[in-house]
Amino acid sequence: MNHPFTTVTGPAVPLMRPNVDTDVIIRIERLTTLGKTELGPYAFEALRRRPDGSEDADCVLNAPRFRDAPVLLAAENFGCGSSREGAVWALQGIGVRCVIAPSYGDIFWSNCFQNGVLPITLPITQVQALAAQCEGGASVTVDLQACTVTAADGDGITFAIDPLRREALLHGLDDIGLTLQDDALIRTWQAADRQRRPWAWPAARPRS
Amino acid sequence: MQPRTLFDKLWDAHVIRELGDGWALLHIDRHLLHDLSGPPALNEVRTRGLALHDPELVFATPDHAVSSQPGRVATTFPLGGKLHAGLKQLTGAMGVQLFDLGEPGQGIVHVMGPEMGIVLPGLTVICGDSHTCTNGGLGAMAFGVGSSESTHALATQTLRQQKPRRMRIRCEGRLAAGVTAKDLALHLIGRLGAAAGVGYAIEFAGPAVEALDVEGRLTLCNLSVELGARFGMVAPDETTIDWLRGRPYAPRGEAFEAAAAHWRTLAGDADAVFDREETIDAAAVAPTITWGTSPEHAIAIDGAVPDPVHAATATDRDAWGAALDYMGLQANAPIAGTAVDWVFIGSCANSRLADLRAAAEVARGRRVADGVRAWVVPGSENVKRAAEAEGLREVFLDAGFEWREPGCSMCVAANGEQVPPQKRSVSTSNRNFVGRQGPGARTHLASQAMAAAAAVTGRITDVRSLV
Numbered sequence: 005m006n007h008p009f010t011t012v013t014g015p016a017v018p019l020m021r022p023n024v025d026t027d028v029i030i031r032i033e034r035l036t037t038l039g040k041t042e043l044g045p046y047a048f049e050a051l052r053r054r055p056d057g058s059e060d061a062d063c064v065l066n067a068p069r070f071r072d073a074p075v076l077l078a079a080e081n082f083g084c085g086s087s088r089e090g091a092v093w094a095l096q097g098i099g100v101r102c103v104i105a106p107s108y109g110d111i112f113w114s115n116c117f118q119n120g121v122l123p124i125t126l127p128i129t130q131v132q133a134l135a136a137q138c139e140g141g142a143s144v145t146v147d148l149q150a151c152t153v154t155a156a157d158g159d160g161i162t163f164a165i166d167p168l169r170r171e172a173l174l175h176g177l178d179d180i181g182l183t184l185q186d187d188a189l190i191r192t193w194q195a196a197d198r199q200r201r202p203w204a205w206p207a208a209r210p211r212s
Numbered sequence: 007m008q009p010r011t012l013f014d015k016l017w018d019a020h021v022i023r024e025l026g027d028g029w030a031l032l033h034i035d036r037h038l039l040h041d042l043s044g045p046p047a048l049n050e051v052r053t054r055g056l057a058l059h060d061p062e063l064v065f066a067t068p069d070h071a072v073s074s075q076p077g078r079v080a081t082t083f084p085l086g087g088k089l090h091a092g093l094k095q096l097t098g099a100m101g102v103q104l105f106d107l108g109e110p111g112q113g114i115v116h117v118m119g120p121e122m123g124i125v126l127p128g129l130t131v132i133c134g135d136s137h138t139c140t141n142g143g144l145g146a147m148a149f150g151v152g153s154s155e156s157t158h159a160l161a162t163q164t165l166r167q168q169k170p171r172r173m174r175i176r177c178e179g180r181l182a183a184g185v186t187a188k189d190l191a192l193h194l195i196g197r198l199g200a201a202a203g204v205g206y207a208i209e210f211a212g213p214a215v216e217a218l219d220v221e222g223r224l225t226l227c228n229l230s231v232e233l234g235a236r237f238g239m240v241a242p243d244e245t246t247i248d249w250l251r252g253r254p255y256a257p258r259g260e261a262f263e264a265a266a267a268h269w270r271t272l273a274g275d276a277d278a279v280f281d282r283e284e285t286i287d288a289a290a291v292a293p294t295i296t297w298g299t300s301p302e303h304a305i306a307i308d309g310a311v312p313d314p315v316h317a318a319t320a321t322d323r324d325a326w327g328a329a330l331d332y333m334g335l336q337a338n339a340p341i342a343g344t345a346v347d348w349v350f351i352g353s354c355a356n357s358r359l360a361d362l363r364a365a366a367e368v369a370r371g372r373r374v375a376d377g378v379r380a381w382v383v384p385g386s387e388n389v390k391r392a393a394e395a396e397g398l399r400e401v402f403l404d405a406g407f408e409w410r411e412p413g414c415s416m417c418v419a420a421n422g423e424q425v426p427p428q429k430r431s432v433s434t435s436n437r438n439f440v441g442r443q444g445p446g447a448r449t450h451l452a453s454q455a456m457a458a459a460a461a462v463t464g465r466i467t468d469v470r471s472l473v
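So the sequence lines, in the order shown, correspond to chains B and A. With the working numbering as the guide, the letters of the first sequence map in order to residues 5 to 212. With the working numbering as the guide, the letters of the second sequence map in order to residues 7 to 473.
One or more of the hints may lead you astray.
Said to hold, decoys possible - Computed spacing ranges between beta-carbons, pair by pair: (1) A:V279 - B:Q130: 23 to 33 Å; (2) A:A318 - B:D157: 20 to 30 Å; (3) B:T41 - A:R52: 12 to 22 Å; (4) A:E394 - B:C151: 56 to 66 Å; (5) B:A195 - A:R52: 19 to 29 Å; (6) A:R23 - B:C151: 47 to 57 Å; (7) B:D62 - A:R373: 39 to 49 Å; (8) B:A142 - A:D287: 47 to 57 Å; (9) B:D147 - A:A267: 50 to 60 Å; (10) A:G108 - B:G181: 20 to 30 Å; (11) B:D187 - A:Q428: 48 to 58 Å; (12) B:D178 - A:R373: 57 to 67 Å; (13) A:G397 - B:A195: 15 to 25 Å; (14) A:R52 - B:D157: 28 to 38 Å.
Don't read these hints as lab results, they were simulated from the structure. Since the structure is predicted, the reported quantities are computational estimates derived from the model, not experimental observations. Backbone N, C-alpha and C fix where the C-beta goes; we use that ideal spot for every residue, glycine too.
Could you build the full structure based on these sequences and the hints that come with them?
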C-alpha cells in the first residue's frame, strides 16, 4: 500500500539532459549494501559528487533552493537502462514525488507507479518552459485530481494519464491484493492452459 | 479475424482477463531470478505472508554479484556472498530450482534461460532485469520488471500490463563479413536514438535477421532496451526450432514436435499492421562502436568522433559535450586508433559460445598488446565447459587474455570487478553509461570480434583489417 498521491507543491529541480539512466540515478553497489530507505544520500552521486567524494557545488541538484524539491524536471528518456527499482527509491530518498519529462524508460516509468511516484509526460517545450520558471526556486503545484501542473505564472498545464494508473495513485492501491481477488480465474486459466499448451509447463526436473 | 503481429498473438494467448483501456491481467510462464533482484522479491512475498503461486515456473541462478575470478566460490566477493546465501536459502525454502555456482545451468540469466530450454518460443518470460528482452530472440514475449512487479508475479503468476504499441524494424540485405548482430544493434540505436523504442514492443525482421543464428538474434534483442523498448522479438523459425531440440528443459519427442508445430504458427500475419515501421539496409552496416555515454552515441569504425556543434538540439549539444569530457575524447578525431587499457568480452549481449568462437578467431596466434588487460568471461557454466572442450580457453590464454568464471562481471560491476577511473575499455556489453563499469570508467561498446581486435592491437581497430 503506497501513500496516496493527490497534490504536491514545492520547488522543481531542472535536470535537463537527455537519457539520464538508472545507473546514474543510483549506482549498483549502493543496492548491494543499503536498504531501500537509505539510498537518498547516494542519488545521482555521479553528478552530485566530485571524484574525491566531495559535493560539486555547480551541480543543480546541490543548489540550496532545490534541496528536498518534490518535483524533478527532466529531458527525454529519463530513467532509461536498468530495471533497478532502487532508482525510484533513491528519488524518494531525496524527496522527489513527481517527475516531469517528455519520455521515460518504460521499466522506470512502471516502477514509479508501483511506489506512488507520479511520472508526468509533457512535450519538451513545456518542460523547458517550466524549467525556466522554476530556475530561481519558485514552486509548482501538481494536482492529480485535476491533472494539472501549475507554475508561478498561474497557468495550469493539463497532462494526460492513464485512468487505471491515476486511480491507483490517488488511492494508493495495492496491485497484489487486487489481483488475488481474481485467483480462481487465474487457476482456471492455468488448468485450461495445461491442456492447451502442455509443452509450456516444465516438468519439475529435466528428464536427462 | 483481424491480422495480428507476433506480439499480438503472444499477448492474446496470455490474457486471463481484460482490465479495460488496453490493460490485461497476463499469465507469466517463466520467472527468472538472480542474486541481486531475486532475494528482495522472494523476501517481500514472505513478509507479506504470501506464498509462491507456481514455484515450478520460477528458476534462479547467481550472476550479478559473484566473482569471476578463476577458482571463485560464493564468498570470493564477500558482499556477493551475502546475496548468494540469501538466494540459496530463500529458493531452497520456497521450492524454487537454483542453478548454483559450478553447476550446469549457472550463468547470466539471459544466457542460461535459452540454453537450458527454460525459455521457449511463445512463452511470457520476466526477470528483475532490463535485459530480459534478450529472450525475445527465441520468439518469447520477454520483459524486464522491477522489484514490485517481480513480487506481484511470484505471488500471483500474473502481471497487470498495458499493451505497448508495435514497431517492426526490417533489416534488408545481409550483414557483410566481419559485421555482427552487435554491430547491427549499435547501428540501429545510433540511427534511431536511445528513446526510439519507448512504449513499443519491437519485432526485428527481414532477411538479415532471418540469416542470424540464434546467438545473434539473442544479441540483437538484448539491445532492444537500449533502443528504449521493453520488448524485442524475432519470429521463431526452423533455426530456432533446431537450436532448441534436445535442450534439458525443452519438451522431448512427440511433445517437442507438437510444440514446434505451434511455434510455426506464431509468426505475424503477412498483412498485420504495426504502429511504426523502420527499414534499414543491413548490407551497409560497418563494424560499429560507441564514442560517448549513451548507446546512441554509436559510429562506424571508420568514422570520426562527432562535434557537438553539429548536434540537432541544445540539450544534445550539452550531452555530447559532457560525454566527450567524460570519455576524454576530442571532437572530429578518428575513433580508430584510440588507445585502450581494458578489454571485456562477456555479458548477456556477447558471451555465448558463438561469440567466444568469433573472438578467439581474432585472438588466435596473436598477443594482447602491452599495457592492456583483456578478460574473457563466459556467459554460463555450460558455455565455459563447451568452450574449454573445443580449445578456446587455450587460444585465449596463449594470446594473453584472462579466462574467468561465468557471471555478469564487468558489464555491471556489481561484483567489485571494475574498470579503474579514467581507464578506457572496449567492452562487448550493452551499456556505456557514466560509471557503469566503475566510477570514471570510459566504455566503448563493440562486438566480440572488435573487442578482441582492440585487445591485440592496443587500439580501437577495424577488425576487418585483421581477418
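How the hints compare with the structure:
1. At about 31 Å, the CB distance of A:V279 to B:Q130 agrees with the hint of 23 to 33 Å.
2. Look at A:A318 against B:D157: about 29 Å separates their beta carbons, and that is inside 20 to 30 Å.
3. At about 19 Å, the beta-carbon gap between B:T41 and A:R52 stays in the expected band of 12 to 22 Å.
4. Checking the proposed 56 to 66 Å range against A:E394 and B:C151 shows it holds: the Cβ atoms sit about 59 Å from each other.
5. With their beta carbons about 27 Å apart, B:A195 and A:R52 fall inside the hinted range of 19 to 29 Å.
6. Checked against the hint of 47 to 57 Å, the pair A:R23 and B:C151 fails, with Cβ atoms roughly 27 Å apart.
7. Our hint of 39 to 49 Å for B:D62 and A:R373 holds, since their Cβ atoms are close to 44 Å apart.
8. Here the CB-CB span from B:A142 to A:D287 is close to 50 Å, well matched to the stated 47 to 57 Å.
9. A beta carbon spacing of about 55 Å between B:D147 and A:A267 agrees with the range 50 to 60 Å that was offered as a hint.
10. Our hint of 20 to 30 Å for A:G108 and B:G181 is violated, since their Cβ atoms are close to 40 Å apart.
11. Checked against the hint of 48 to 58 Å, the pair B:D187 and A:Q428 passes, with Cβ atoms roughly 54 Å apart.
12. At about 59 Å, the CB distance of B:D178 to A:R373 agrees with the hint of 57 to 67 Å.
13. The hint said 15 to 25 Å for the Cβ distance between A:G397 and B:A195, and at roughly 50 Å that hint is violated.
14. Distance hint check for A:R52 and B:D157: the Cβ-Cβ separation is about 50 Å, which falls outside the suggested range of 28 to 38 Å.
In terms of the numbered hints stated before, the structure departs from hints 6, 10, 13, 14, listed from lowest to highest.
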